[in-house]
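Chemist: The chain contents come next:
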Amino acid sequence: MGFSKSILTLCFVLSIFGSYTVQGQIASDLLVIANEIGSTNLTKKQVIAYAKGEKNFWPNSKKVVIVLPSAKSEIAEAVALTVYKTNSGGMQKYWLSLIFQGRADPPVFLGNDEETIRFIEKNKGAIGFISAKNKSKANDYLIEVKTD
Amino acid sequence: MIDKKFKLSKPPNHQIQYLFILLCFFSFTKIFAQENNKKLHINFFGHLEYDFDKLSTGNNSYFSIGEQDIFITSKINDRISFLGENVIRYDSKSSSTFIPSIERVQLKFDYYENHSLIVGKMHSPINYWNDVYHHGRLFFPTVDRPLAFSYLVPVHTLGLRLQGQNLGKLKFGYDLMTGNGISSNDFTDLGVNNSLLAAFHVKPFDNFRIGLSYYYDFIKGNYSGAHSGHSTAVHQAALAKYKGNINFELFSFSASYFSDKFEFLNESCVNKSRSDTLGMAINMSNYTYFGYKIKENITPFASYDFIDISNKDVHIGHLSKSKIILGCRYDINHLLNLKFHFARISPNHAFINSHIHQTEPDSYEFKIQMAYGF
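Chains as they are written, first to last, in the numbering used here: chain F, 1 to 148; chain Y, 149 to 522.
For the record, the hints were derived by calculation from the structure and aren't laboratory data.
Note that the Cβ used here is the ideal one computed from N, Cα and C, for glycine as well.
Some clues are possibly wrong.
Within a straight-line C-alpha distance of at most 25 Å, the following computed DMTMM-like cross-link-like pairs (lysine to aspartate or glutamate) qualify [to be verified]:
hint : chain 1 : residue 1 : chain 2 : residue 2
1    : F       : LYS52     : Y       : GLU261
2    : F       : LYS52     : Y       : ASP354
3    : F       : LYS72     : Y       : GLU261
4    : F       : LYS55     : Y       : GLU215
Which residues of chain Y face chain F? A partial, calculated answer using Cβ under 7 Å [stated by the list, open to error]:
hint : residue
5    : PHE230
6    : ASP337
7    : VAL340
8    : ASN341
9    : PRO495
Pair by pair, the computed Cβ-Cβ distance ranges are [what the hints assert, rightly or not]:
hint : chain 1 : residue 1 : chain 2 : residue 2 : range
10   : Y       : SER212    : F       : GLU121    : 34 to 42 Å
11   : Y       : TYR322    : F       : PRO59     : 17 to 25 Å
12   : F       : GLY111    : Y       : TYR362    : 28 to 36 Å
13   : Y       : PHE192    : F       : PRO59     : 36 to 44 Å
14   : F       : GLU121    : Y       : ALA450    : 19 to 27 Å
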């Protein structure tokens, strides 16, 4: 009986961690922002799938527009590692290859968080990443990221 | 005064005109790109090569300019996009030995979620190599394409294609296609029979893709046009005696795994080619590649490639060839890499007894290639 209780307690604790969410945060130093994608929350797995060009449209039928940091951006390496499991050069080659195959539209590469926020403000269906330190500048566009 | 008038009436300098037109073009594309939120993209891909060949007839050592590829994509609206690819490549028949070639012109309409309708000239989605790399030597894991690419695989099709990708948990993808087949070119076709292609793949986990395809074409008059394997037309010229029709079927299978450490690719083709004279010819090819990253940017690799064309085949012609390759790829950065390989090319299968008796000695090659794209 005691053992079953322990198992139940463990399951409860795990379920709490399983539904753990942070507004905008996909990694400790990265936030996800988007404009009119038909939802204010996504799982980490969904963010990665959209950022890898695996989906053409959001559930609200808006075209997915991916905004990524260019090589000179200070978050380029963090995004490349978190989403593409590579470095920023590998991330750019991933996209060059996908575009060359004709299987995806090119993403928009921007140099800093301010440009990313401005672009996402102006483009419905756009999704991108900014540094956690700039959270206050993009409060209206933060996406709640749930762990899978 | 007369001199001045004479000077004014001189024929215009064409070089300056061309320069002006080019400047206008690039200025226009730049403005267009800015006004349309960077919706127009121009990329350039190419390669340079050094070869040393040890042949039975003697040795050759030479440098060569490889294909130079101008690649354009543009978003016309949220659902329609354009892709164009023009390659300037070597052609021995041309006076300058280089000719421009339209490799891809396609309009894609994303009609529902991840389902699209594509119209135009495209790479036939047969096997991994032709679908993913084709001209993009920057993306090639090795220096050369598989042998099947030159003989068996109808590399292009001009027509209609229904495409779906990343569907469901297995990331299922399909390509259903009909268009101008092997005997056609980019302007017309000899007959009324279009080629048919059905290709399917799944990507059950990251970096892994497995796919198969079936291609059918009725080749009128045993003619190879613009869409056959790259070397088929050359062989065809030597086999011009048979002018009848051919039923051409190609079954293909490929499995690929490209992770940050280990790389693997296997692709196979089985071809059934039926003529009125010699009946059914069964041809096959197999290509296997292994690469292992010893450093982030250094990948030694090995591959084994063979092709066996039956002596009953009147389209490609009797052929047996195998190639064992050892090489290395050095990625200088994501826009430039350096590759080299040593290869032994045998007129027989290296590991199993072929029905062909070896008539010529093995040849060897050493190649260095610089591939770029930006």
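Chemist: Looking back at the numbered hints, which does the structure fail to meet, lowest number first?
Modeler: 3, 4, 5, 6, 7, 8, 9, 10, 12, 14
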